[in-house]
Amino acid sequence: KQEVTQIPAALSVPEGENLVLNCSFTDSAIYNLQWFRQDPGKGLTSLLLIQSSQREQTSGRLNASLDKSSGRSTLYIAASQPGDSATYLCAADTGRRALTFGSGTRLQVQP
Amino acid sequence: SQTIHQWPATLVQPVGSPLSLECTVEGTSNPNLYWYRQAAGRGLQLLFYSVGIGQISSEVPQNLSASRPQDRQFILSSKKLLLSDSGFYLCAWSLTSGGINEQFFGPGTRLTVL
Chain S
589 KQEVTQIPAA
599 LSVPEGENLV
609 LNCSFTDSAI
619 YNLQWFRQDP
629 GKGLTSLLLI
639 QSSQREQTSG
649 RLNASLDKSS
659 GRSTLYIAAS
669 QPGDSATYLC
679 AADTGRRALT
689 FGSGTRLQVQ
699 P
Chain Z
258 SQTIHQWPAT
268 LVQPVGSPLS
278 LECTVEGTSN
288 PNLYWYRQAA
298 GRGLQLLFYS
308 VGIGQISSEV
318 PQNLSASRPQ
328 DRQFILSSKK
338 LLLSDSGFYL
348 CAWSLTSGGI
358 NEQFFGPGTR
368 LTVL
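Protein sequence lines, in the order shown, are assigned to chains S and Z.
The numbering used here numbers the first residue of the first sequence as 589 and each following residue consecutively.
The numbering used here numbers the first residue of the second sequence as 258 and each following residue consecutively.
Calculated from the structure, these hints are not laboratory results.
Watch out, some of these pointers could steer you wrong.
Unchecked claim - Derived DSBU-like pairs (lysine-lysine); straight-line CA-CA distance at most 30 Å:
#, chain 1, residue 1, chain 2, residue 2
1, S, Lys630, S, Lys589
2, S, Lys630, Z, Lys337
3, S, Lys589, S, Lys656
4, Z, Lys336, S, Lys630
Claimed, not checked - Which chain Z residues stay away from chain S? Per the calculated CB distances, all over 10 Å, these:
#, residue
5, Gly273
6, Glu279
7, Thr281
8, Gly309
9, Asp328
10, Gln330
11, Leu339
12, Asp342
13, Gly344
14, Thr369
15, Val370
Here a beta-carbon is modelled for each residue, glycine too, at the ideal position from N, C-alpha and C.
Please build the complete structure, drawing on both the sequences and the hints.
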């Protein structure tokens with residue numbers, strides 16, 4: 589059974605810092621890994637999807653990497669801004685339709 | 258472009274009352290549809306998914322049910338709500354293409370059962 593873990597559970601940084609969010613998964617037989625952002629009381633916004641054949645994806649200040657062999661993915665946020673404050677979730681697609689989600693990292697960027 | 262709608266946005270219901278949450282998707286055809294629940298302090302749990310009209314798969318046995326009466330409509334129901342049904346319900350859609358199953362989520366419904 590796939591299990592997804594996100595560390596740390598919460599993170600507070602000053603504005604302008606570069607930061608890394610970690611995601612690990614127990615079963616390396618994944619199709620894709622997807623990163624989401626969730627603002628309080630809102631739905632999930634898809635940020636990046638990395639296919640199993642890729643090693644990284646970039647969108648603006650966001651860069652996500654994937655290392656299937658070690659069961660890890662990271663989300664790198666450059667030059668963080670207060671508007672980046674949210675909960676970030678990673679989810680593994682093992683081909684069973686459902687995504688397996690981590691519990692998320694709650695990020696607070698202080699002005 | 259595709260959009261996904263959920264309603265109501267919030268709902269407060271007494272224990273034992275019925276439930277009907279609706280989700281509709283615009284701008285795509287024959288999507289995969291999903292219902293997830295996000296309970297306080299816990300991750301997202303898949304409840305149901307559907308690959309076509311009338312085709313529903315249940316992931317977790319409970320007092321909830323789902324139906325897909327139209328291609329882009331997904332409904333979550335219950336005959337009698339339990340306290341434990343409280344949570345944030347999220348609907349999602351995807352199109353499987355080339356092994357990619359990127360999922361997109363709606364705004365959610367906050368359900369409180371008293």
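Does the claim that Gly344/Z lies off the interface hold, with its Cβ farther than 10 Å from every Cβ of chain S? Non-interface label stands for Gly344/Z: nearest chain S Cβ at 13 Å, farther than 10 Å.
Taking the closest pair, is the beta carbon of Thr369/Z still more than 10 Å from chain S? At roughly 13 Å from the nearest Cβ of chain S, Thr369/Z sits farther out than 10 Å, so the non-interface label holds.
Taking 10 Å as the cut and beta carbons as the points, is Asp342/Z off the interface with chain S? Since the minimum Cβ distance to chain S is about 18 Å, Asp342/Z lies beyond 10 Å and the statement holds.
What's the verdict on Lys630/S and Lys589/S, does the C-alpha distance respect the 30 Å limit or exceed it? Holds, at about 28 Å.
Per the stated criterion, does the least C-beta distance between Asp328/Z and chain S lie above 10 Å, as a non-interface residue requires? Holds: least Cβ distance 17 Å, greater than 10 Å.
Evaluate the condition: distance from the CB of Glu279/Z to the nearest CB of chain S exceeds 10 Å. Holds, because the least Cβ-Cβ distance between Glu279/Z and chain S comes to about 15 Å, which exceeds 10 Å.
Does the alpha-carbon distance linking Lys589/S and Lys656/S stay inside the 30 Å limit? Since the Cα atoms of Lys589/S and Lys656/S sit roughly 16 Å apart, the hinted pair holds (cutoff 30 Å).
Interface exclusion of Leu339/Z relative to chain S, criterion Cβ beyond 10 Å: holds, 23 Å
Does Lys337/Z lie within 30 Å of Lys630/S when you go C-alpha to C-alpha? holds, 26 Å
Please settle this one: Gly273/Z was flagged as non-interface, so is its CB more than 10 Å from every CB on chain S? holds, 26 Å
The output says Val370/Z does not contact chain S. Does that hold with a beta carbon cutoff of 10 Å? Consistent with the label, Val370/Z stays out of reach of chain S, its closest Cβ about 18 Å off (over 10 Å).
Assertion that Gln330/Z lies outside the chain S interface [Cβ separation over 10 Å]: Holds, since 18 Å exceeds 10 Å.
Checked against the numbered hints above, the structure violates none of them.
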